[in-house]
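Since chain A is already given, all that's left is putting chain B on it; use the hints.
Keeping their order, the protein sequence lines are chains A and B.
Just add 953 to the spot in the first sequence (first one is 1) and you have the working numbering.
Just add 6 to the spot in the second sequence (first one is 1) and you have the working numbering.
There may be inaccurate statements among the hints.
Example chain B residues on the side facing chain A (calculated, C-beta under 7 Å, incomplete) [what the hints assert, rightly or not]:
no.	residue
1	ALA56
2	LEU58
3	THR75
4	ARG78
5	LYS79
6	ALA82
7	VAL87
8	GLN93
9	GLY95
10	GLY98
11	PRO114
12	TRP115
13	TRP226
Quick list of the computed label-pair ranges, beta carbon to beta carbon [stated by the list, open to error]:
no.	chain 1	residue 1	chain 2	residue 2	range
14	A	MET1224	B	LYS260	58 to 66 Å
15	B	GLN90	A	LEU1282	25 to 33 Å
16	B	GLN93	A	LEU1227	18 to 26 Å
17	A	ILE978	B	GLY21	54 to 62 Å
18	A	ARG1284	B	GLY21	34 to 42 Å
19	A	ILE978	B	ASN70	21 to 29 Å
20	A	MET1070	B	GLN90	52 to 60 Å
21	B	LEU178	A	PRO969	27 to 35 Å
22	B	ASP29	A	GLN1188	25 to 33 Å
23	B	ALA245	A	GLN1188	46 to 54 Å
24	A	ILE1113	B	ALA245	21 to 29 Å
25	B	PRO43	A	GLY1117	21 to 29 Å
These are computed hints drawn from the structure, not numbers from a lab.
Please read all numbers here as calculations on a predicted model, not as lab measurements.
All C-beta atoms, glycine included, are put in the ideal place defined by N, C-alpha and C.
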Amino acid sequence: MSGANFQASAIRPFRPLPLIILAGIALASLLIAVRVGSVEIALLDLWQVLCGNGNSLHQTLVFELRLPRALAAFATGGLLAVAGSLMQVLLRNPLADPYILGLSSGSAVGALFAMLMGLTGLIVSGAAFAGALISATLVFTLANGGGSWTPTRLLLTGVIISSGWSALVTFMLAISPSDKLPGMLFWLMGDLAYSGSPWPALLVLISTCLILTPLGRSLNVLARGPMQAATLGIQVKQMEWGIYIFASLLTAFAVTTAGSIGFVGLIIPHMLRLVLGNDQRLILPASALAGGSLLTLADTLARSIIAPQQLPAGVITAMLGVPTFLYLLHRSR
Amino acid sequence: MSTLRCENLVIDIPGRADGTALDFEAKPGEIWGILGPNGAGKTTLLHTLAGLRAPRHGQVILNNATLATLRRKEIAKKLAVIFQERQDGFPGTVLETVLIGRHPFLSPWDIETADDIAIARQALLDVEMEGLEDRLVNTLSGGERQRLAIATALCQTPDILLGDEPSNHLDLHHQVKVLQILRKQAQRGTSIVLCLHDLNLAARCCDKLLLLYPSGEACWGDCDTMLVTPALEKLYNTALMTTELDGQRIFLPKELSNGN
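In isolation and in its complexed conformation, chain A is listed as follows (with noise of 0.2 Å):
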């Protein structure tokens, strides 16, 4: 036995620097939300509203319009990236993400049908819920036919599943009547200017990152694969199905609040592995954060780019996203 050569200091394997910076980054992602706009809000005037002072028109601009809309933009692009950060651990594949893999979609034709049947409120959730469990039941038990998931068999599984939910989703428009149109077309747009309460999809988040945070280390095993991980002790059955069903139920939240956007699970989790390393415990926390600032950050872009229009932060993303997609799967091979 030789232990001269330990070194005394034990380096903790958690790190909490980079949390704090992501956090950083994801306070001004919300402040510059607030600020940009038509009407462009000084600093010294935002910190005034938010005091609760300064003039009435700041104070509309921030507490009814732009800051609903901050939050609701950062709550759903956290939600996404920490879906996708749990369906790429789940199938030991850099390349899922809720919207490839048709999650989105599935979620998007569960809303238009139970919209289209004259419903609304919580049962459009939960129908935009069964639709992305649907989803991906559909395309794993497709993808998984030899016992594993080949990248490519999944990917074109989840690609092909999404393209019918599309077609689903034309037909719905295509009979549903002009008055109900616009409202439905949101879903299909990935458009954060129709968004509700921030706050249903904000709780889940933070709710969300609570439950996952002692389940980090679970994580890490499970991506060892399936075997080492119950050598290791973990039931690796139970935690797959519960991270199946999570993951489908933040990808529910996230399209109720605004619709499908995609590629924020992609991008994100890919960006953060790349600098942070593969410890889930810090992934999933830095998802929330960074997957929030980039989707408030892309939907303050959408919507000042040419102003006085509006686009879709949906686009944003899309044109982040296929480039990161692109070369993630040129690399994979």
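What follows is chain B alone, placed relative to chain A:
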């Protein structure tokens, strides 16, 4: 100290007759070697012993409890496996990877303590990988990954260590090194069960051998009694020649050396 025992065990290989039911016990400090040709079911047997596959008949008993009745976490505190194939889809650093071995001992909210890190570093030292702690796993060579897998299993401080060809991918120096490490573990009271390809290596490091035939038949016993040329020739379906070197039996295939 723990023991791993098979009672009437028949591994489940689809389409194969039951063969010999296995009844043996890996006692603390013993090294068992499973020998057999490709496809004989060595890996399946190992996975069954680890509780990762259900047997067709019989049971595997860890101390006094059937594996099937134990929670995975309880098994993981006693039993570690070195797999032949590994997934590094999301590569971490070497230290992070070894530390995974502490998972069964930590509750969800725990962070690895200085003790855990000391155990991990000792495991890395054992496999001569000290100084590589911060390297990313996907930048390691095949041999280094193999040693890392062994270190991860050692970091689990198991009473029972199962290894699927642990000396695969290793150069001669590290093959010897790994077998020395395993022997040292055995001296500390760990029971070790290894699938091995290399007959001569098995002969040198194992106390007990189990010969597993493709038909499902099997026999087991002390190393000396099992190393009988006709049995081994039948096992590998190859004519063997044998010699003795420093009191050690050496087996070599006949056909190659005759130039046929």
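Going through the hints against the structure:
1. For ALA56 (chain B), the interface hint holds, since its Cβ comes within 7 Å of a Cβ in chain A; the closest pair sits about 6 Å apart.
2. Residue-level restraint check for LEU58 (chain B) holds (minimum Cβ-Cβ distance to chain A is 6 Å; threshold 7 Å).
3. Evaluation of the THR75 (chain B) hint against chain A yields a violated restraint, the C-beta minimum of about 14 Å exceeding 7 Å.
4. Among the interface hints, the one on ARG78 (chain B) holds; its C-beta lies about 5 Å from the nearest C-beta in chain A, closer than the 7 Å criterion.
5. The closest approach between the C-beta of LYS79 (chain B) and any C-beta of chain A is roughly 4 Å, which is under the 7 Å cut-off, so the hint is satisfied.
6. Checking ALA82 (chain B) against chain A: minimum C-beta separation of about 3 Å stays under 7 Å; hint holds.
7. Taking 7 Å as the C-beta cut-off, the interface hint given for VAL87 (chain B) holds, the closest approach to chain A being about 4 Å.
8. Hint status for GLN93 (chain B) relative to chain A: holds, with the closest Cβ pair at about 4 Å, below 7 Å.
9. At about 4 Å, the closest approach between the beta carbon of GLY95 (chain B) and any beta carbon in chain A falls short of 7 Å, and the interface hint on this residue holds.
10. Below 7 Å, beta-carbon pairs count as interface contacts, and GLY98 (chain B) has one with chain A at about 5 Å; its hint therefore holds.
11. Because the beta carbon of PRO114 (chain B) sits about 4 Å from the nearest beta carbon in chain A, less than 7 Å, this interface hint is met.
12. The restraint placing TRP115 (chain B) at the interface with chain A holds, with a minimum CB-CB distance near 5 Å, inside the 7 Å limit.
13. The criterion of a C-beta within 7 Å of any C-beta in chain A is not met by TRP226 (chain B), whose closest approach is roughly 24 Å, and the hint is violated.
14. Distance hint for MET1224 (chain A) and LYS260 (chain B): a CB-CB separation of about 60 Å, consistent with the stated range 58 to 66 Å.
15. Judged by the Cβ atoms, the range 25 to 33 Å given for GLN90 (chain B) and LEU1282 (chain A) holds: they are separated by roughly 29 Å.
16. Between GLN93 (chain B) and LEU1227 (chain A) the Cβ separation comes to about 19 Å, which falls inside the hinted range of 18 to 26 Å.
17. At about 58 Å, the beta-carbon gap between ILE978 (chain A) and GLY21 (chain B) stays in the expected band of 54 to 62 Å.
18. For the hinted restraint 34 to 42 Å between ARG1284 (chain A) and GLY21 (chain B), the CB-CB distance of approximately 40 Å keeps it satisfied.
19. Taking 21 to 29 Å as the suggested C-beta distance range, the pair ILE978 (chain A) and ASN70 (chain B) does not conform, at roughly 55 Å.
20. Take MET1070 (chain A) and GLN90 (chain B): their Cβ atoms lie about 54 Å apart, and the range 52 to 60 Å holds.
21. Look at LEU178 (chain B) against PRO969 (chain A): about 45 Å separates their beta carbons, and that is not inside 27 to 35 Å.
22. Between ASP29 (chain B) and GLN1188 (chain A) the C-beta distance comes to about 30 Å, which sits within the given range of 25 to 33 Å.
23. For ALA245 (chain B) paired with GLN1188 (chain A), a C-beta distance near 49 Å keeps the hint of 46 to 54 Å intact.
24. Range check, ILE1113 (chain A) to ALA245 (chain B): about 55 Å between beta-carbon atoms, so the 21 to 29 Å window is missed.
25. Hint check: PRO43 (chain B) to GLY1117 (chain A), Cβ distance near 48 Å, so the stated range 21 to 29 Å is violated.
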